[in-house]
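A.B. asks: Can you build the whole structure from these sequences, using the hints too?
The sequence shown: position 185 = 185 (the numbering used here), numbered continuously.
In case anyone wonders, no lab produced these hints; they're calculated from the structure.
Have a look at the derived ranges for each label pair, beta carbon to beta carbon:
id, residue 1, residue 2, range
1, 34, 186, 46 to 52 angstroms
2, 108, 154, 30 to 36 angstroms
3, 55, 166, 24 to 30 angstroms
4, 100, 32, 53 to 59 angstroms
5, 221, 55, 38 to 44 angstroms
Glycine is no exception: its CB is placed at the ideal position from the N, C-alpha and C atoms.
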Amino acid sequence: MSDTKLTWAVSDQQTRYPIVETNSDKLKDGSWIELKIGAELISDFKSKNILGHVKGRSVPDSIIVFTAHYDHLGMMGEEACFNGANDNASGTAFLLSLAKHYVEYPDDYTCVFIAFAGEEAGLKGSKYFVENPLFDLSKVRFVINLDLMGSGVDGITVVNAKENHEEFSILEELNTEHELLPVVKSRGQAANSDHYYFAEAGVPAIFIYALGGSQAYHDVYDVSSNLTFEEYPDIFKLLTYLVDKL
1 MSDTKLTWAV
11 SDQQTRYPIV
21 ETNSDKLKDG
31 SWIELKIGAE
41 LISDFKSKNI
51 LGHVKGRSVP
61 DSIIVFTAHY
71 DHLGMMGEEA
81 CFNGANDNAS
91 GTAFLLSLAK
101 HYVEYPDDYT
111 CVFIAFAGEE
121 AGLKGSKYFV
131 ENPLFDLSKV
141 RFVINLDLMG
151 SGVDGITVVN
161 AKENHEEFSI
171 LEELNTEHEL
181 LPVVKSRGQA
191 ANSDHYYFAE
201 AGVPAIFIYA
211 LGGSQAYHDV
221 YDVSSNLTFE
231 EYPDIFKLLT
241 YLVDKL
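C.D. replies: Following this line, the structure appears as structure tokens:
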């Protein structure tokens, strides 16, 4: 039993026996609960990364990569649905908004948009892509990974900011100049989203997530009605301003 929030995840492994966890306040002394548990490990499950690009106007051989994972957790049994509105339908929507923008207003650089599969099972899609790239990774100027973008009322955090100090400084300056977000926070490297394997391969990459709003995460309460998107337009402006400065 746990006294903290229950959080579900997916895995590429299966234990020999089920492990059931519940909150301590849900069961009283002497309580009985009857469960019927079914589990299946699909060892050959297949999913696909999805990629599109807009050719650059003046420097087409240099590439800006925008990424977001489109997978989540799915169903637990027949009734419990983990929708993943914030994690990561919000990032996928942001990715599509950026793609629409750069189709209408192409950048000097070529812009590539990748929706990754398999992030929740251990960054499977992005790892595969970095190991089997469809373009020369040495030509990538910068990677911007988008995950958990449903609010931003308390600003954003930039993972890998300390490893990309110059770009992070530009981002901070742009945010101050245009008075967009309450704060732009800095974090170091972390293997917590699809930027990671790019960075490990020597490609400059950051991961941005929005702060504030719904705290639902890897549970059944992460639904679209809990997302507010207060700072969606300002985060969008900030990222396009950053690309203009790269």
